[in-house]
Amino acid sequence: MEPVFAALVGLFFAVGIYLMLSKHVVRILLGVVIFGNAVNLLIFTAGRILREVAAIIPEGADTPVGPISNPLPQALILTAIVISFSFFAFLLVLAYRAYQEIGTDDTDGMRVAEPAGEPLPPIGY
Amino acid sequence: MTGEVSGMTDISGAMITAPVAAADWLVIAPVVVPLVFGALLLMFRHEMRWHGIVAMIGLAILVGVDAALLKRVLAEAPLAMTMGRWLPPFGISFTADALGAVFALTAGVVALICAVFSFRDIGVSGRRYGFYPFLMLMMAGVSGAFLTGDIFNLYVWFEVFVIASFGLLILGSEKAQIDGATKYAILNLVGTTLFLIATAYLYGTFGTLNMADIARKADGLRGTGPLMTLATLYLLAFGMKAAAFPVNFWLPASYHTPRIVIAALFGALLTKIGVYALLRTLVMLFPVERGILAETIGWVAAATMILGVLGALAQADTRRAFGFLVISSVGVMLAGLALGSETGLSGTIFYAVHSMLTMGALYMLAGMMREFGGSFSLHELGGLYRLSPLLTAIAFLLVLAAAGLPPASGLWPKILLVKAALEASAWWLAGAILLTGFLTTIAMGRIFLLAFWRDAPAVDGRHVTAAATGSRSLGQGVLIAFAMPILLIGIMPEPVIRIAAQAAHGLLESAPYIQAVFPAGGG
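Read top to bottom, the protein sequences are chains A and B. Reminder that position 50 of the first sequence reads as 50 in the working numbering, one-by-one numbering, no gaps. Reminder that position 5 of the second sequence reads as 5 in the working numbering, one-by-one numbering, no gaps.
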C-alpha cells in the first residue's frame with residue numbers, strides 16, 4: 001500500500017506547489033490547502049499503513065487483544081488538520097480583505113507595503 | 001471505574017508512578033502563566049482599563065519563573081517533565097536546558113519592556129481589538145517553543161505564536177498591514193508546513209518524536225535512515241522561520257507595517273525562535289549531518305548577513321532599515337551554527353541574547369524618532385539632538401550595539417564568533433562577520449547623522465512637525481530599560497559568556513538532556 005500512497009503524496013505536492021507558484025492569491029491559497037493535505041497523507045503513510053484493528057481495549061481487559069494499529073499518526077494528523085484549517089480560514093479572510101483594500105489579487109500589484117521606486121536615503125546634507 | 005482498574009493493575013510499565021515534586025512544575029510554568037493570563041484577558045475583554053495592568057503582572061510573573069528556571073538548570077541538570085504521567089517517549093516531554101531557559105528568559109524580559117511601551121503605543125481601539133490577549137498567547141507559544149522536548153509539540157507551539165502574530169500584525173487593519181500580512185502569513189505557513197513534512201519523515205524513520213529519544217537513537221540509524229534529508233529539510237524550514245537568505249522575503253515585506261511595539265516584539269523574538277530550532281535540531285539531534293552541511297550553512301550565513309545590511313543601507317525608512325538589520329543579525333547567528341564548535345555556538349547564543357534586546361530597542365527608537373521628528377523617513381527627519389539629547393545618547397549606544405562596537409553588548413559575541421571562525425580556519429566567514437560589522441556601522445551611523453546631527457530639513461518648503469501621540473517620558477524610560485542591559489552586558493560580559501558556554505556545551509553533550517528525560521536509561 002505504501003508505494004501507492006507515496007505516489008499520491010507526490011502528486012498532491014506537485015499540484016500544491018504548482019498552484020503556489022501562481023501570482024494570484026486565490027490560487028496560492030488553493031495550493032496551500034492541497035499542500036497541507038499532502039502533508040497529512042504523508043504523516044499517515046509515514047506511520048505505516050496496516051490492516052490492524054483500532055487501538056480500543058475491550059471491556060474487562062487491561063491490554064488490547066491481539067495486534068492493533070498505531071493511533072499516534074492519526075492524532076498527529078488531527079492536530080495538523082485543526083491547525084491548517086484555522087490558518088486557512090484566517091488566510092481566506094485576509095485575502096478577501098486584501099482584495100477589498102488593494103483592489104487586486106495579483107501579487108505583482110500588491111505593492112502597498114513595499115512601493116516600487118522608493119527614493120534612496122540622502123547621500124549627504 | 002478507572003480507579004478500580006488501575007488499583008488492580010501494575011501501571012509502572014506505562015506510567016510514572018512517583019508524584020512530581022512541586023519544584024519541578026517550574027518547567028511548564030513559563031507556558032502556563034501566559035496562557036492563564038491570556039485566557040483571563042479574553043474573559044474580561046470589555047474591561048479594557050485593566051488589560052495593560054493584568055498583562056504587565058502576567059509578564060512580570062513570567063520573567064520571574066523564567067529566571068528561577070534558568071537559575072535552577074544552570075545550578076543543576078536539565079529539568080524534564082512528561083505530560084499525563086506517561087512514561088517518555090509516549091507522553092509529551094517538556095525539557096528545559098540552559099539554552100531553552102536563557103532564550104525564554106530574554107524573550108520574557110523583552111516582552112515585559114514592550115508591554116510597558118504599549119501603554120503609549122496601543123490605544124483603545126488596539127485594546128478592543130485584543131492586543132493584550134494576543135501578546136500573552138504569543139508569549140505562551142514562544143515559551144513553549146523554547147522549553148518543549150518533543151518535536152511535534154515544537155510544531156504546535158510554532159503555530160500558536162504564528163497565529164497570535166497574525167493577529168498582532170494586522171492590528172489596525174491598514175492597507176499596508178494587510179498587504180504585508182498576506183505575504184507574511186502565506187510564507188510562514190509554507191515554512192511551518194515544511195517543518196511538518198520533515199517531522200513526518202522523522203517519525204517514519206525514528207518512530208518517536210521525543211527529542212531526547214531521537215538524539216540517542218540517531219547514531220544507530222545513521223547508516224540506514226535518511227538523516228541527511230531530515231537535516232536538510234529542517235535547515236530549509238527553520239531557515240525560513242529565521243529569515244535566512246534566500247528565504248527571507250517575508251520579513252522586509254511585513255515588519256515595518258504594524259504598530260511600533262509589535263514590530264519591536266517581532267524583530268526581537270520571532271526570528272530567534274527559528275535560530276533556536278536550528279540549534280536544537282541540527283546541533284543536538286543531527287550533529288554529523290550538520291557537519292556535512294556546515295559549508296552550505298556558512299555561505300547562507302555570510303550571504304544573509306551581508307545582503308541584510310546592504311538592504312539596510314538602501315532604505316530611507318528607519319523601520320525598513322531596521323528590518324534588514326534583523327536579517328543581518330540572523331546571518332551572524334548562523335555563522336556560529338556553521339562552525340559548530342563550542343566557542344562558535346556560545347557566540348551564537350550570546351549574539352541571540354544581544355540581538356533580542358537590540359532589535360527590540362531599535363524599533364522603539366524608530367517610534368521615538370517619529371515621536372520627536374514626525375516621520376520615519378530619513379528625508380524628513382533631522383535636528384533630533386536639539387529636541388532630545390537623552391534620545392540622542394540612547395540612539396548612539398544603539399548604533400554601537402548594532403555595529404558590535406564597545407562598550408555595548410554586540411562586541412563580545414562577535415569576538416567569540418570571529419575567534420571560532422579563525423580557529424576553524426574559516427577566514428572568509430570571519431571576514432564576512434567583520435565586513436558586516438563595518439557596513440552596519442555605516443548604515444546605523446548614517447541614520448544617526450541624518451536624523452540627530454543635521455538640522456531639520458525643509459520638505460516642500462516646510463519643516464515636518466511632530467504631533468505628540470503619547471507620553472514621551474514613558475517612551476524614553478522604556479528605551480533606557482533596553483539600554484541598561486545592553487550597556488551592562490557590554491561592560492560585564494562574563495556572566496552571559498558563562499551561561500552561553502554552558503548552553504552550547506549542553507547542545508554538544510546531550511547526555512544530561514537525555515538523562516533528564518530518561519532517568520533510568522530505559523523507555
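Derived from the structure by calculation, the hints contain no laboratory data. Do not rely on the hints blindly, as some may be mistaken.
Said to hold, decoys possible - Chain B regions said to be covered by chain A (calculated; three or more residues, Cβ under 8 Å):
#1 159 to 166
#2 177 to 189
#3 242 to 254
All of these numbers come straight from a predicted model, not from anything done at the bench. The beta carbon of each residue, even a glycine, is placed where N, CA and C say it ideally should be.
- Item | Hint check against the structure, violated hint numbers in rising order | The structure conflicts with no hint, since it agrees with every one listed earlier.
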